[in-house]
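Student: Chain by chain, the residues run as shown.
There are 2 protein chains.
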Amino acid sequence: MKTRERILHKSLELFNTLGEPNVTTLLISDELDISPGNLYYHFKSKIDILSELFDWYEHEMLALLDVPNEPMDIEDQWFFLHLIFESIARYRFVYQDVVNVMERHERLKHRFQKIITKKKAATLSILSSLQTQDSLRASDSEIEALCENIILTATFWISYAIVAGKHVDESVLSRGVYQVISLVVPYLEGEQRQQLQQLKQAYL
Amino acid sequence: MKTRERILHKSLELFNTLGEPNVTTLLISDELDISPGNLYYHFKSKIDILSELFDWYEHEMLALLDVPNEPMDIEDQWFFLHLIFESIARYRFVYQDVVNVMERHERLKHRFQKIITKKKAATLSILSSLQTQDSLRASDSEIEALCENIILTATFWISYAIVAGKHVDESVLSRGVYQVISLVVPYLEGEQRQQLQQLKQAYL
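Line order of the protein sequences matches chains V and Y.
Counted from 1, the first sequence has number 43 at position 43 by my numbering; the numbering is strictly sequential.
Counted from 1, the second sequence has number 134 at position 134 by my numbering; the numbering is strictly sequential.
One copy or two, either will do: identical chains are not told apart, so a pair holds if it fits within one copy or between any two.
List of simulated lysine-lysine pairs, DSSO-like, C-alpha gap at most 30 Å:
no.	residue 1	residue 2
1	LYS166	LYS46
2	LYS166	LYS118
3	LYS44	LYS114
4	LYS44	LYS109
5	LYS166	LYS109
6	LYS119	LYS46
7	LYS166	LYS119
8	LYS10	LYS114
9	LYS46	LYS109
10	LYS44	LYS10
11	LYS166	LYS120
12	LYS114	LYS46
Source of the hints: derived by calculation from the structure; they are not laboratory data.
Hey, can you work out the whole structure from these sequences and the hints?
Tutor: Below, the structure written as structure tokens:
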């Protein structure tokens, strides 16, 4: 791996474990055993590194959220949800210090808000598809509130787990998927509801 | 107000608006138009200020969470929820930078986790009381997942609003109460459900 790539990967690791506000470029060069000058040759400041890692995150998340228009079956939908949680975990520095990071970087804030908007649109599209298939029964205002709660849970589940003292591993991600499924189940009808209840157990 | 009190109130304001990690003791003394030496006379470091403000928050929250054992009627329960959201807003610096603040202050993390545990117990007690009154129909595992989603929503609603670019005002708090009610409604039976649906509208 080239130095530039190594800097980015190490920074991602440090941001995720220590929180972006607590990582300095000096720490990054120290951890890589390179001189601060060498790091500076590739990146003029921590913001440049942060910005490039945010590009990675944004690229991955937007590709994921580009939900196909044809209806997904229910297993696909939860697989999709699992991919979203994995991506959030991979870039958890964005989420765990989200208010702080966004307040200090106005441009990232704007891009993050666009991602949230896309997440809402993808969620609404999934819920509406369930609604037209008569699998989900809810009023429009219920769907709106449900959608908001799904995004909130997906956005902050990992922060919540960290604060509760948990190590972010596969079981924490699965539990996040489980919690989101729990939000939807009460609105589902008959067969779909049973199918999802069963699927839910797999995540416990 | 004595200087000591003024320092605490100004710090709370600055922590809430700028985020605790971005506030220095120099900024606090500057904003109060007192010398850094004068501030230092009262507080040896920012951590001392943070710790005392956390005491205030903890005191207020634990008093609130000391839910009486007799069953509350449904209006009382939502009034209680509103008080919780107000308290979270008053001390939002704890929540909006929660991962960062807790990672840097191990002792506060422990105390915050105890508050979360108390919140869960209070929520469970309310849900169980609804269950024994036959107002709520849910299995034990559903109640457990519901409880977790309620705490998550209450804990991160304000962070979510800030990231979405909203100014934290009365309408944001009300919407938080609304979102929590939305989590519970699908499990309620007949009259209670209608009552809560109506109450919910008042929060929109």
